[in-house]
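Engineer: If you read the sequences in order, they're chains D and L.
In terms of this note's numbering, the first sequence is residues 338 to 707.
In terms of this note's numbering, the second sequence is residues 338 to 707.
By construction, these hints were calculated from the structure, which means they are not laboratory data.
Since we're looking at a predicted model, the values are computed, not measured.
Take the hints with a grain of salt, since some may be wrong.
No distinction is drawn between identical chains; accordingly, a pair holds when it is met within one copy or between any pair of copies.
Below, in silico cross-link-like pairs of lysine-lysine (BS3-like), each with a Cα-Cα straight-line distance of 30 Å or less [unchecked claim]:
#	residue 1	residue 2
1	LYS386	LYS371
2	LYS447	LYS560
3	LYS367	LYS428
4	LYS696	LYS424
5	LYS567	LYS360
These are the residues of each chain, in order.
2 protein chains.
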Amino acid sequence: MSETKTLFQAFKQTAYQAGGHGKRDVGILKQAIKEVDGRAESDIYGTGKLIEDFQDKMAAFLGKETAVFFPSGTMAQQIALRIWCDKKGIKKVAYHPLSHLEIHEEDGLKELHGIESILLADKDRLITLEDVVSMSDNIACLLLELPQREIGGQLPEYETLEAISAYCKEKGIKLQLDGARLFEILPYYQKTASEVCDLFDSVYVSLYKGVGGISGAILAGDKEFTEESKVWKRRHGGDLISLYPYIISSDYYFNQRIHKMEQYYHEAKELAALFNGCQNVSTKPKEPVSNMFHVHIALPKEKLEPILVEIYEAAGIGLTSYLKEKTENECCFEVSVGDAYADLPKEDLKKTFRMLNIKLSEMKNVSPSI
Amino acid sequence: MSETKTLFQAFKQTAYQAGGHGKRDVGILKQAIKEVDGRAESDIYGTGKLIEDFQDKMAAFLGKETAVFFPSGTMAQQIALRIWCDKKGIKKVAYHPLSHLEIHEEDGLKELHGIESILLADKDRLITLEDVVSMSDNIACLLLELPQREIGGQLPEYETLEAISAYCKEKGIKLQLDGARLFEILPYYQKTASEVCDLFDSVYVSLYKGVGGISGAILAGDKEFTEESKVWKRRHGGDLISLYPYIISSDYYFNQRIHKMEQYYHEAKELAALFNGCQNVSTKPKEPVSNMFHVHIALPKEKLEPILVEIYEAAGIGLTSYLKEKTENECCFEVSVGDAYADLPKEDLKKTFRMLNIKLSEMKNVSPSI
């Protein structure tokens, strides 16, 4: 049995988990549809009250004219970029080197749409206004991910966003928001979704991150844009006869959790401080700006894993189910705070971090590289 | 209010419907997940027991090495054709002029994959061996739809299928089965799914036609093919974090209905005979070869609609919710027999057709064009 499997198994056996909304099991769906009238009619190929009501609700929340429900963000964003490229007659877009489109989609944007990507900024930092202004390529669209997940969920200053938006408007570059975690950043910016979205021509939000639905995404923009997106949705094979299992659960958990984003944000800061209080541990960002952050621990994977397994078994709280090797001597993992955090027994949480600090202090002191 | 809306509304108000499995409402999902343990784990990006078990079950049923669950057949089939085109280095495939790919997918195959389609046969007849043999283009793949839905669900002789399959094998042309309604034709052919699929390199089946699930499709073939299809599934945005609402309902209704296909087939023949017994009515095919057929009535739409509305209100059985204008003097609609047929009160069904025959006999006698 591999070490990784052991950590994964130990995590699954913990009574409590520090991140997330609890287990991703069928109970999530059962809970969401419990109160729905069985006679409620299915959506049919993107039409019907059930899908249209939810789309209208999301459009209003995001402050856009119209919104379309998609099975996935992968599909929604490729389509958004394709529409803007076709409109401009330029098959080039720009985004961060660690954008979902670049590293998690098997090059769908290139293979299906023939769109070339210009990578802005370095892998380990945010896109700046200077990156955008100094770009030599002529692009149709710039995609900004808020927060930038793969570097721990970092955010630019709001003024930077405004400046990039103004620049793009001036230059005729369309601006697409990868808002997979848009709801989660609103407490930090102290802005409404609508205010943030107003800086962008088109917007994608996910419904199973902070919201905790089952699957699904919203793509929003003006009517011409979203109507065209429906045609592409059909081309992609995403215009399913029935999307209601995802829509019902998206709506249910949106209503449950949209007002809890501020709570998750404060809890993420609290949890990050606990990690930063331990020897050889640091979080990225140091102080979270949403419900998420990355934890870096300056130990080789094979040394860290048994320590975590021991702590999980002793204190009953799982911190992570996996470790990613950053270097030979450093591991990292992602934490997204959700409903589970508030349920943690505080004494067990203290015990967890007391043990972690002691165990890590016993190891040869190696500072994390970040 | 338009005439069409009136027919649609009258249909929706009937107590019974001649076709289908009953209303497509949220109750379908509620019923399917009722007995599932809420602690059952979600599939995660195509992995996990829930999705793998169902894929294995479908692979075994279809007699293929492996199977992959897709959110839609549109996605599954474009991907199948793309894989075969890439393998052969030829961006050309052949299929029927009324294939789903040609008329219902907004040209996804061309727009996303750059694949050209060669249309075989005429719109109103099946593809023959001669059509395939005399094709001058060099193609990567031939797609055959069984039954050919848009012409009433017709089927070639089984010997023709075998001959086309043998010819394709000899010529190195890959053969893809559009088996949206594969389960529904097995009683006519008196073959197992596995026997039919053995004639094809790759196979798609739908899980919400005769099976009556919510959405979803299976693509099956050898391991190399299906592994590649998973990469394309991700590119298309179809590799959802959770597909379980569709998988659970597909499995539930597959188990409920896979043994009823013979019953639906016989009931379809019975129902078609009732239609054919009326003046100015004929079905296509005359005797169904699956659970489906088309009904052609030699009357203008504006004359037929009030007749149907009157019959629905008098006898309580809905025959169709829509009429398609075939010509100025002829309408048609599709019937797919499912669970609903067995529940029809036989006296009301007799009354329905007695009324229909009388009403249609009163009209000026115009023979249907088919």
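Engineer: Look at each hint and say if it fits the structure.
Structural biologist: Going through the hints against the structure:
1. LYS386 to LYS371: both (19 Å within a copy, 25 Å between copies)
2. LYS447 to LYS560: both (26 Å within a copy, 25 Å between copies)
3. LYS367 to LYS428: Cα proximity of LYS367 and LYS428: none, with 43 Å in one copy and 45 Å across.
4. LYS696 to LYS424: neither (58 Å within a copy, 54 Å between copies)
5. LYS567 to LYS360: between (33 Å within a copy, 25 Å between copies)
Of the numbered hints given earlier, the model fails hints 3 and 4; all others are met.
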